[in-house]
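J.: Protein chains in written order, with the numbering used here: chain A, 74 to 538; chain B, 173 to 431.
These are computed hints drawn from the structure, not numbers from a lab.
Fair warning: this is a prediction, and the values are worked out from it, not measured in the lab.
Beta carbons: idealized from backbone N, C-alpha and C, even for Gly.
Certain hints may be false.
Going by beta-carbon spacing under 8 Å, a handful of chain B positions derived as facing chain A [said to hold, decoys possible]:
1. K225
2. A228
3. A231
4. R236
5. A378
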Amino acid sequence: MSLSAAEPEVLPTTSTPPEPVAGPPQFESWGRYPKYGARVVPLHWQSDFPAALQGSYDSALPVGLGRSYGDVCLLKDGTLLQTTGMNRLIDFDPATGILTAESGISLAQILDFAVRRGFFLPVTPGTKYVTLGGAIANDIHGKNHEVAGSFGNHVPCFELVRSDGTRRLCSRTENPDWYAATIGGMGLTGLIAWAQLRLRPIVSRGIDYEGIQFHGIDEFLELKQKYHDVEYTVSWVDCVSTGKNFARGIFMLGNHAKVPGELKPSPEPKLVFPFDAPAFALNRFSVSAFNTVYFHKQGKAHVKAVHDYEPFFYPLDAVLHWNRMYGKRGLVQFQYAIPWERAKEGTIAILREIAKSGLASFLAVLKAFGDIPSLGMMSFPQAGIMFALDFPIKPGITFPLLQRLGDMTLDYGGRLYPAKDAAMTAAQFQTFYPAWQRFARFRDPMLTSSFWERVTDSTGARPTL
Amino acid sequence: MSTPALPDAHNPSAKITKKILVLGATSGIAEATCRIWAAQGAQLFLVARNPEKLAAVAADLQTRGASYVGTAVADLDDTGKHAELLSHAINSLTGMDIAYLAYGVLGDQPRAEQDFEHAAQILHSNFVAPVSLLTWLANFCVQRHAGVLAVISSVAGERGRKSNYLYGSSKAGLTAFLAGLRNRIDREGVTVLTIKPGPVATAMTAHMNIKKADVNSVAQAIVKAIDAKRDNLYVPAIFQPIMFVIRNIPDRIFKKLNL
Chain A
74 MSLSAAEPEV LPTTSTPPEP VAGPPQFESW GRYPKYGARV VPLHWQSDFP AALQGSYDSA
134 LPVGLGRSYG DVCLLKDGTL LQTTGMNRLI DFDPATGILT AESGISLAQI LDFAVRRGFF
194 LPVTPGTKYV TLGGAIANDI HGKNHEVAGS FGNHVPCFEL VRSDGTRRLC SRTENPDWYA
254 ATIGGMGLTG LIAWAQLRLR PIVSRGIDYE GIQFHGIDEF LELKQKYHDV EYTVSWVDCV
314 STGKNFARGI FMLGNHAKVP GELKPSPEPK LVFPFDAPAF ALNRFSVSAF NTVYFHKQGK
374 AHVKAVHDYE PFFYPLDAVL HWNRMYGKRG LVQFQYAIPW ERAKEGTIAI LREIAKSGLA
434 SFLAVLKAFG DIPSLGMMSF PQAGIMFALD FPIKPGITFP LLQRLGDMTL DYGGRLYPAK
494 DAAMTAAQFQ TFYPAWQRFA RFRDPMLTSS FWERVTDSTG ARPTL
Chain B
173 MSTPALPDAH NPSAKITKKI LVLGATSGIA EATCRIWAAQ GAQLFLVARN PEKLAAVAAD
233 LQTRGASYVG TAVADLDDTG KHAELLSHAI NSLTGMDIAY LAYGVLGDQP RAEQDFEHAA
293 QILHSNFVAP VSLLTWLANF CVQRHAGVLA VISSVAGERG RKSNYLYGSS KAGLTAFLAG
353 LRNRIDREGV TVLTIKPGPV ATAMTAHMNI KKADVNSVAQ AIVKAIDAKR DNLYVPAIFQ
413 PIMFVIRNIP DRIFKKLNL
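Hey, can you work out the whole structure from these sequences and the hints?
T.: See the structure below:
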């Protein structure tokens with residue numbers, strides 16, 4: 074690099090605007106599919122946006138920790154504005170539990186701060202390595218959806234910054250349309266600079282846990298009915314077995330312990346999945362063996378115990394980069410919500426289709442969504458049955474299967490979850506989310522994602538592999 | 173001078189709320205270090221140039237549990253204002269146990285090779301201005317026979333390399349100054365800690381496509397070294413043997429390397 078006298082007078086210091094990171098490491102989504110090249114620009118300060126876009130003609134997308142599975146956090150050949158350096162606390166009021174923080178803070182960082190003060194996240198997904206901004210942008214849900222609704226229901230307000238520099242305070246009463254568009258808005262409406270989150274009090278790290286074996290969807294629904302007043306419920310379900318073991322599973326339930334206990338912070342995870350597993354490691358036999366062991370692990374049909382919240386909420390966070398288990402090709406997730414009206418027949422039909430395919434992995438989750446409405450225009454949760462399953466990517470097999478499963482979901486009146494998707498078609502998306510055209514009017518003209526380009530593409534192009 | 177012991181519910185090991193002056197408080201390493209001190213209930217006085225960034229850092233540390241956070245907006249290149257600034261800071265803290273100097277610039281090496289003004293600017297920010305600050309602070313501490321001066325230098329100061337020898341020589345000067353200062357005032361009860369980080373993942377290095385240390389583990393090592401009243405800290409620790417090797421490569425070989 075040579076410099077002439079004509080170079081502008083700029084003194085590089087620690088406060089220069091962020092520069093792009095060239096070349097690898099490439100930003101990957103959690104499923105590691107699809108893989109797209111992009112320029113990653115870290116944002117460290119609220120004032121870095123929209124300054125970071127200056128002189129760039131590419132489209133951009135704010136991203137956090139890349140824990141969404143498909144392409145909702147990717148932008149092919151564009152600029153990814155990574156917010157994780159914007160992770161400052163702004164205020165905390167122990168009287169109300171309201172925490173105000175910059176949007177790049179992770180839920181793990183929030184827990185480190187909150188647990189020792191006797192507070193917990195109001196809603197948490199199955200990993201704590203997501204950012205506050207990402208949790209709002211995908212309006213994530215947790216095991217307590219029936220009693221708490223989704224994440225956005227606990228976000229009283231946030232500040233939205235557009236690429237033209239305009240700033241909007243958004244809440245249910247102030248700029249309510251922008252508030253509704255941004256919750257579940259997939260990062261497309263602007264950058265969430267900071268947000269408020271209403272934490273809930275706890276007296277212990279402990280979770281009063283129960284695990285109950287079930288066989289089939291009817292038993293699952295009975296358990297759900299019986300334990301409707303339990304805060305956290307989720308089920309693991311065996312998607313490989315057929316015959317008498319079809320849809321067997323473990324119904325797991327938990328409440329925050331009521332006996333005061335130690336509120337120390339969590340230790341750092343120590344295990345790292347060290348390499349990309351070979352393509353054959355996950356197959357019908359290894360998964361089937363795992364499922365049998367897992368189903369019988371608890372020894373008897375019904376167990377009770379006190380667990381720490383880490384293994385209860387974040388069992389997979391104990392192994393960093395567990396997605397490498399699926400090998401270099403990566404994984405795709407299939408996650409639907411089907412309304413109660415046809416939830417049972419839809420779930421049985423889809424589970425049969427999956428068992429027939431022999432492609433299922435052991436990471437399968439079945440849960441009921443409650444009827445607290447989400448606040449986002451594009452939010453995924455709706456009352457009924459929610460089901461999620463990881464698939465390894467097998468050329469020529471996985472995507473045709475996902476196509477069939479997506480169409481079945483549509484036929485049963487359900488919808489798929491953009492944050493977990495790499496396969497839904499434009500036609501499917503536009504039926505799942507009829508508000509999409511209204512939502513499109515709130516999109517920032519400088520921001521887009523590979524997901525958005527894919528599902529709003531009028532040519533109806535389908536992903537291939 | 174230590175302050176009266178205050179119990180801290182969140183960290184029983186922190187018996188004393190330390191009074192800490194932080195110069196260059198919006199630097200990535202300084203901010204991460206201050207978060208640890210804030211969680212211990214420390215009293216902090218922060219100096220930085222950009223008012224919005226300084227306010228954001230101050231609010232964060234206040235929220236995390238710092239028992240006092242004072243701030244001053246200042247351009248630390250302006251050595252003429254140092255005495256007034258430092259006495260104001262120490263008055264606000266009503267004392268000072270630790271001065272933490274994290275002020276510096278990376279500079280633009282290719283530009284500095286062509287443009288002496290830029291080279292001089294790097295030397296001023298990384299060497300001349302810190303000498304001014306440390307001279308005042310050292311004399312303050314010597315009078316009281318107490319205190320820790322913790323200063324961020326760099327492994328880049330261990331040997332000049334073509335990729336960053338302006339930054340490196342400014343830090344080499346700083347490291348040598350600190351060694352001499354330690355030799356003078358350690359016997360007066362004042363600790364001088366020279367911190368030599370390798371590349372750390374912060375805003376300053378965001379454009380560098382190399383392996384970088386996690387800023388929070390670097391910050392933990394710094395807090396530990398200050399508590400232990402150490403003289404030198406390589407962080408990550410692997411840089412101690414690495415720099416031993418790099419210092420000892422003969423120039424007839426070194427001059428041909430691309431480092």
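J.: Tell me, in ascending order, the numbers of any earlier hints that this structure violates.
T.: Per hint list: zero violations.
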